[in-house]
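**Q** This is what each chain is made of:
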Amino acid sequence: MIAYIFIFLGLIFIFFGTLGIIRFPDIYTRLQTSSKCDAAGAVAIMVGLIIKEGLNAVSLRILIILLFLLLTNPVATHAIARSAAIRGIKPWRKEKNTER
Amino acid sequence: MNVITLIISVIAGTASLALYRVIFGPTPWDRLIAVNLISSKVVIIMVATAVFFERSIYMDVALVYAVIGFVSIIAISKFLEKEGMEKE
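One line per chain: the protein sequences are A and B, in this order.
One point on numbering: in my numbering, the residue at position 49 of the first sequence is 51, and numbering is uninterrupted.
One point on numbering: in my numbering, the residue at position 50 of the second sequence is 108, and numbering is uninterrupted.
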């Protein structure tokens with residue numbers, strides 16, 4: 003039961019992260035929601051799968067994949083943001099007198 | 059509804075929503091963000107399939123897929139940083 007609660011929480015995080023990818027106006031804001039979707043969603047779903055599986059070799063391998071995702075996702079996010087900033091992408095600002 | 063059906067359908071549906079940003083993204087970095095997201099979702103689907111169907115060979119496939127996705131994201135972003143596309 004606790005495992006299914008964690009999995010459902012992760013699915014909610016993933017859904018709203020992807021909604022942010024579609025709706026947000028800029029590279030940096032989209033990068034923020036993408037990072038949250040990867041970190042929180044993947045971690046919640048994999049913790050739920052570990053609790054469901056119990057303590058054996060399979061759950062140890064899930065733990066290794068989880069640690070790898072936790073290490074590499076911020077690095078990839080930072081690399082994308084750094085390359086966009088070096089090539090001169092300006093952050094988005096809300097313009098006055100325009101209605102969207 | 060089964061739990062594995064729910065997991066796979068929600069994650070695959072949101073991945074196909076993120077495919078919109080890959081196709082119509084204004085800059086190359088938007089496409090890179092969406093590709094990173096889809097790669098991470100494929101890893102989650104593989105791990106869930108390995109647990110629910112008791113095929114532990116999928117776990118190794120997921121680990122290798124995560125490594126290759128990370129290296130490709132780093133390589134493409136370094137490429138776009140130095141040269142790559144001219145102005146849009």
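One or more hints might be untrue.
[What the hints assert, rightly or not] No more than 27 Å apart at the CA atoms, straight line, and that leaves these computed lysine-lysine pairs for DSS-like:
1. A:K38 to A:K92
2. A:K54 to B:K140
3. B:K136 to A:K38
4. A:K54 to B:K136
For the record, the hints were derived by calculation from the structure and aren't laboratory data.
**Q** With reference to the structure, classify each hint as holding or not holding.
**A** Tested hints:
1. For the proposed pair A:K38 and A:K92, the alpha carbon gap of about 22 Å is at most 27 Å, so the pair holds.
2. With a CA separation close to 46 Å, the supplied pair A:K54 and B:K140 exceeds the 27 Å bound.
3. Our distance criterion of 27 Å between C-alpha atoms is met by B:K136 and A:K38, whose separation comes to about 23 Å.
4. For the given pair, A:K54 sits about 40 Å from B:K136 by alpha-carbon distance, which is inconsistent with the 27 Å threshold.
Comparing the model with each earlier hint shows violations of hints 2 and 4; every other hint is respected.
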